[in-house]
Amino acid sequence: MTMYLIYGESFRLIEEEIQKIIKNETNSVTIDLMDSNIEDVLTEATYVSMFEEFKFIIVKNALLFTSSKEKEEDVQKILNYMENPVPSTTIIFTTYEKIDNRKKVTKAFEKKYKIINVGGLSKMDLIAKGRELIFKNKYKIENETLEYITESCQNNYDLIYNEIQKLFLYYETPSTIRLEDVKEIISKSIVDNNFKFVSFRRFI
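Okay, so the sequence shown: first residue is 0 according to numbering that gives the first Met the number 0, each after it adds one.
Please note that the accuracy of each hint is not assured.
[What the hints assert, rightly or not] No farther apart than 30 Å at their CA atoms in a straight line, the calculated lysine-lysine pairs in the DSS-like style are these: (1) Lys182 with Lys22; (2) Lys122 with Lys59; (3) Lys19 with Lys128; (4) Lys122 with Lys54; (5) Lys139 with Lys128; (6) Lys139 with Lys59; (7) Lys54 with Lys139.
[Claimed, not checked] Pair by pair, the computed Cβ-Cβ distance ranges are: (8) Gln18 with Gly119: 13 to 23 Å; (9) Lys106 with Glu171: 48 to 58 Å; (10) Lys137 with Gln75: 13 to 23 Å; (11) Pro86 with Ser174: 42 to 52 Å.
These are calculated hints, taken from the structure and not from any lab test.
We put the beta carbon where it would ideally sit given N, CA and C, even for glycine.
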């Protein structure tokens, strides 16, 4: 298997990228480096179950690839593992922080493995993703209504996703999402909601 490094400010976009990699595999383990350390990750990576052919490890808050200062011994451990990874294990590192391309560990990772940046979506990209989500759930929506949702959510995909989920609950069954309903349902205090969501995301 291989390793990935996914970074960006959006929780939803990172999760979507993870699902693209994992697909329908069920043998996955999540480790948060805010609560654990790189040794825990590598121990899990080298553990091979006789009942499962492949394993995925999702590593959250992988700050060792950012400007954050990490223990040199931890950096060396992951560098050593990168030279000889376990073939049946895929490790997916994720971080909400911008990666530091100047760091030795980031440079080494980029040479052998895939780095995915899920940030920097344009307004048109966000509208397209919102439309995809709505159509996937068999709802219909006019462009004007979708633009209103996007702008009201300050071009923040996590907020767009959440507000669309609210609309699904409001209508209960697939139908056409109307602008007048959206104006009533979309949170009046989007700034406050944004703050709450970012605070919540830190603990996910």
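*Are there hints from earlier that the structure breaks, and if so, what are their numbers?*
Result: hints 1, 4, 6, 7, 10 break, sorted rising.
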